[in-house]
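**Q** Work out the full structure, taking the sequences as your base and the hints as a guide.
Taken in order, these protein sequences are the chains called A and B.
With the numbering used here applied, the first sequence closes on residue 112, and no number is skipped along the way.
With the numbering used here applied, the second sequence closes on residue 224, and no number is skipped along the way.
Here's a subset of chain A near chain B, in silico, CB distances under 8 Å, partners left out:
1. Ser33
2. Leu43
3. Ser94
4. Ser105
Covered stretches of chain B, going by a simulated chain A footprint (3 or more residues, C-beta under 8 Å):
5. 153-166
6. 210-221
To be clear, the hints were calculated from the coordinates, so they are not data collected in a lab.
Please read all numbers here as calculations on a predicted model, not as lab measurements.
Glycine included, C-beta positions come from ideal geometry on N, C-alpha and C.
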Amino acid sequence: KAGVTQTPRYLIKTRGQQVTLSCSPISGHRSVSWYQQTPGQGLQFLFEYFSETQRNKGNFPGRFSGRQFSNSRSEMNVSTLELGDSALYLCASSFTGNYGYTFGSGTRLTVV
Amino acid sequence: KNEVEQSPQNLTAQEGEFITINCSYSVGISALHWLQQHPGGGIVSLFMLSSGKKKHGRLIATINIQEKHSSLHITASHPRDSAVYICAVRSLGETSGSRLTFGEGTQLTVNP
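**A** Have a look at this one:
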């Protein structure tokens, strides 16, 4: 059974650019949630998608957005990148979103 | 004060030792998770608890809802247990289990 796949693994972007990260969940999982991990703030919840709808959103500015496709794959987008957006971005998939999370290996974003 | 506090922040042990990591939280919760993060970023979900105690191999997790406290124990520790252990809670009233609040993590190093 394939795990949760995040692409790309590493990314370097310049301030002001935008970036799109991808997360392919485990087959059959309908919930995909996204998290940001930084040395200063630790792990923080970004948002969750379930059946193509955003079900919950954390306290992040509108520059952070996402979507989910009919095959449950999800993308998150960060526009107008800032240096502080440098982080490890993790996604997790779950059948319903309430238990049994499987995390991806993350995308490490560096903004220069 | 963070809603989720872990102690200790860093822990060094000798192989074979019994290890305890503590997590205290200040909000009402419906579930508590213990996660393991290895260098490189990948996260593994170890336990989800809402009451009592769970055991998986050499790992034991307990929770006391009244005292708002949970512990993760590792028996007969091994160098491969070296990782960051993270406590995360789902607050009461959250409709989605994916919206978690995380502790800062405990860096465990087990020396041979």
